[in-house]
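Taking the hints into account, I'd like the entire structure generated from these sequences.
Protein chains: 2
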Amino acid sequence: MAHDNALEALVEGLRRLPGVGVKSASRMAYHLLQHDRPGAQLLAQALEQAATRIRHCARCHTFTEGEVCATCLDPRRDATRLCVVETPADQAAVERTGAYKGLYFVLMGKLSPLDGIGPRDIGLATLFERATDGQVQEVILATNFTAEGEATAHVIGEALRARGLKVTRLARGVPAGSELEYVDLGTIAHALVDRR
Amino acid sequence: MAHDNALEALVEGLRRLPGVGVKSASRMAYHLLQHDRPGAQLLAQALEQAATRIRHCARCHTFTEGEVCATCLDPRRDATRLCVVETPADQAAVERTGAYKGLYFVLMGKLSPLDGIGPRDIGLATLFERATDGQVQEVILATNFTAEGEATAHVIGEALRARGLKVTRLARGVPAGSELEYVDLGTIAHALVDRR
Ligand SMILES: [Zn+2]
Ligand SMILES: [Zn+2]
Numbered sequence: 001m002a003h004d005n006a007l008e009a010l011v012e013g014l015r016r017l018p019g020v021g022v023k024s025a026s027r028m029a030y031h032l033l034q035h036d037r038p039g040a041q042l043l044a045q046a047l048e049q050a051a052t053r054i055r056h057c058a059r060c061h062t063f064t065e066g067e068v069c070a071t072c073l074d075p076r077r078d079a080t081r082l083c084v085v086e087t088p089a090d091q092a093a094v095e096r097t098g099a100y101k102g103l104y105f106v107l108m109g110k111l112s113p114l115d116g117i118g119p120r121d122i123g124l125a126t127l128f129e130r131a132t133d134g135q136v137q138e139v140i141l142a143t144n145f146t147a148e149g150e151a152t153a154h155v156i157g158e159a160l161r162a163r164g165l166k167v168t169r170l171a172r173g174v175p176a177g178s179e180l181e182y183v184d185l186g187t188i189a190h191a192l193v194d195r196r
Numbered sequence: 001m002a003h004d005n006a007l008e009a010l011v012e013g014l015r016r017l018p019g020v021g022v023k024s025a026s027r028m029a030y031h032l033l034q035h036d037r038p039g040a041q042l043l044a045q046a047l048e049q050a051a052t053r054i055r056h057c058a059r060c061h062t063f064t065e066g067e068v069c070a071t072c073l074d075p076r077r078d079a080t081r082l083c084v085v086e087t088p089a090d091q092a093a094v095e096r097t098g099a100y101k102g103l104y105f106v107l108m109g110k111l112s113p114l115d116g117i118g119p120r121d122i123g124l125a126t127l128f129e130r131a132t133d134g135q136v137q138e139v140i141l142a143t144n145f146t147a148e149g150e151a152t153a154h155v156i157g158e159a160l161r162a163r164g165l166k167v168t169r170l171a172r173g174v175p176a177g178s179e180l181e182y183v184d185l186g187t188i189a190h191a192l193v194d195r196r
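Chains as they are written, first to last, in the UniProt record's numbering: chain A, 1 to 196; chain B, 1 to 196.
Quick caveat, the hints were computed from the structure, so don't treat them as lab data.
In this text the structure is predicted, and so the values were computed from the model without any measurement.
Backbone N, C-alpha and C define an ideal beta-carbon position, used for all residues, glycine too.
Treat each hint with caution, since some may be false.
[Claimed, not checked] Across the chosen pairs, the derived CB separations fall in these ranges: (1) Thr132(A) <-> Arg37(B): 29 to 35 Å; (2) Pro113(A) <-> Gly66(B): 50 to 56 Å; (3) Asp121(A) <-> Ala79(B): 56 to 62 Å; (4) Leu185(A) <-> Glu158(B): 55 to 61 Å; (5) Val155(B) <-> Pro18(A): 39 to 45 Å; (6) Gly186(B) <-> Val155(A): 51 to 57 Å; (7) Arg37(B) <-> Lys101(A): 31 to 37 Å; (8) His31(B) <-> Thr80(A): 29 to 35 Å; (9) Pro18(A) <-> Asn5(B): 19 to 25 Å; (10) Glu158(B) <-> Tyr182(A): 51 to 57 Å; (11) His31(B) <-> Gly98(A): 23 to 29 Å; (12) Asp121(A) <-> Gly186(B): 43 to 49 Å; (13) Tyr182(B) <-> Glu67(A): 47 to 53 Å.
Written out as structure tokens, the structure reads:
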């Protein structure tokens with residue numbers, strides 16, 4: 001008797017993706033098997049390579065294949081400014097404005113005591129070390145304007161000011177309660193100019 | 001200068017999944033890389049194995065790893081009845097009712113002249129051969145109650161009746177315009193009993 005384990009394994013595997021339930025996973029599996037097997041193999045290779053090759057930039061913590069990411073290595077960036085964001089998606093949102101030429105630190109998360117995510121989980125010690133390298137003159141806090149993002153900005157701001165650094169926050173041009181990734185470019189650009 | 005090609009390749013790969021745009025793909029990629037690398041590798045293996053191992057059952061056309069699927073090989077199934085469905089998801093919906101003990105033929109599609117999908121694309125010649133094996137006494141048409149599903153049922157019904165077979169259609173208990181996969185079990189069970 002034959003078993004369709006490869007199909008079940010595929011549906012289970014697809015359910016590991018965020019926001020994908022069993023019905024969506026089945027639809028995805030059928031689509032790939034019936035209409036796009038090259039796509040399935042391409043995705044398999046991309047997953048394998050990403051999972052094994054991608055690590056965190058030693059300077060800014062964002063995803064990179066090298067020891068240090070392209071942005072951190074770019075000599076045209078202004079090394080006196082450091083923008084702190086929660087995720088690479090937020091970093092990409094700031095980059096798309098074209099209004100910022102400094103460097104970044106990507107927290108890869110936010111402080112969230114209720115979920116048990118503390119300072120250690122988002123690499124605050126590394127951030128404090130990075131920010132006090134002697135080159136950085138201003139740290140721009142660009143965490144989301146949610147309760148957790150604000151709390152994260154507050155904790156980081158207090159700690160860095162105590163170390164004598166100038167700390168600014170994106171201006172309130174960004175609507176409260178929203179996530180940077182979904183904010184229009186103009187609003188982010190404006191908030192950068194008006195940072196306080 | 002380092003490039004983040006593995007990340008871009010992963011986002012591109014995830015976009016091959018139906019219903020996944022660039023924002024969703026980015027979120028999925030970040031989630032896997034940050035929180036679930038084992039999941040990424042598990043999904044990679046599942047995709048690779050499914051894409052290479054899964055083929056179509058020689059008797060019913062559904063997905064299987066063997067030459068013939070477990071359902072077609074099951075001696076307890078009633079070989080005098082053949083239920084024609086559009087997809088494996090529809091077959092699964094009929095199976096879940098527990099009201100059907102016969103065999104299946106899975107079209108893996110439906111007639112759709114506007115999309116250029118004709119009788120050859122959904123294996124109608126194979127179905128006609130399968131249905132006239134001498135054992136099948138009744139063919140139950142369980143294509144969806146959409147315009148295309150109805151047209152597909154009509155074409156198959158005409159051809160099989162011309163070959164002297166008894167052909168029935170799921171009763172109208174299934175709401176018109178809906179897809180089997182999303183219909184409640186009771187409705188499908190009722191429609192099976194009332195088939196005409
Ligand atoms: Zn970096
Ligand atoms: Zn079969």
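Now for the hints, and whether the structure bears them out:
1. Thr132(A) <-> Arg37(B): 29 to 35 Å: 31 Å, holds
2. Pro113(A) <-> Gly66(B): 50 to 56 Å: 53 Å, holds
3. Asp121(A) <-> Ala79(B): 56 to 62 Å: The hinted range 56 to 62 Å holds for Asp121(A) and Ala79(B), with Cβ atoms some 59 Å apart.
4. Leu185(A) <-> Glu158(B): 55 to 61 Å: 58 Å, holds
5. Val155(B) <-> Pro18(A): 39 to 45 Å: 42 Å, holds
6. Gly186(B) <-> Val155(A): 51 to 57 Å: 55 Å, holds
7. Arg37(B) <-> Lys101(A): 31 to 37 Å: 33 Å, holds
8. His31(B) <-> Thr80(A): 29 to 35 Å: 33 Å, holds
9. Pro18(A) <-> Asn5(B): 19 to 25 Å: Since the Cβ atoms of Pro18(A) and Asn5(B) sit about 23 Å apart, the hinted range of 19 to 25 Å holds.
10. Glu158(B) <-> Tyr182(A): 51 to 57 Å: Holds - the Cβ-Cβ distance for Glu158(B) and Tyr182(A), about 52 Å, lies within 51 to 57 Å.
11. His31(B) <-> Gly98(A): 23 to 29 Å: 28 Å, holds
12. Asp121(A) <-> Gly186(B): 43 to 49 Å: Once the Cβ atoms are compared, 48 Å apart, the range 43 to 49 Å for Gly186(B) and Asp121(A) holds.
13. Tyr182(B) <-> Glu67(A): 47 to 53 Å: 50 Å, holds
In this structure, every one of the numbered hints holds.
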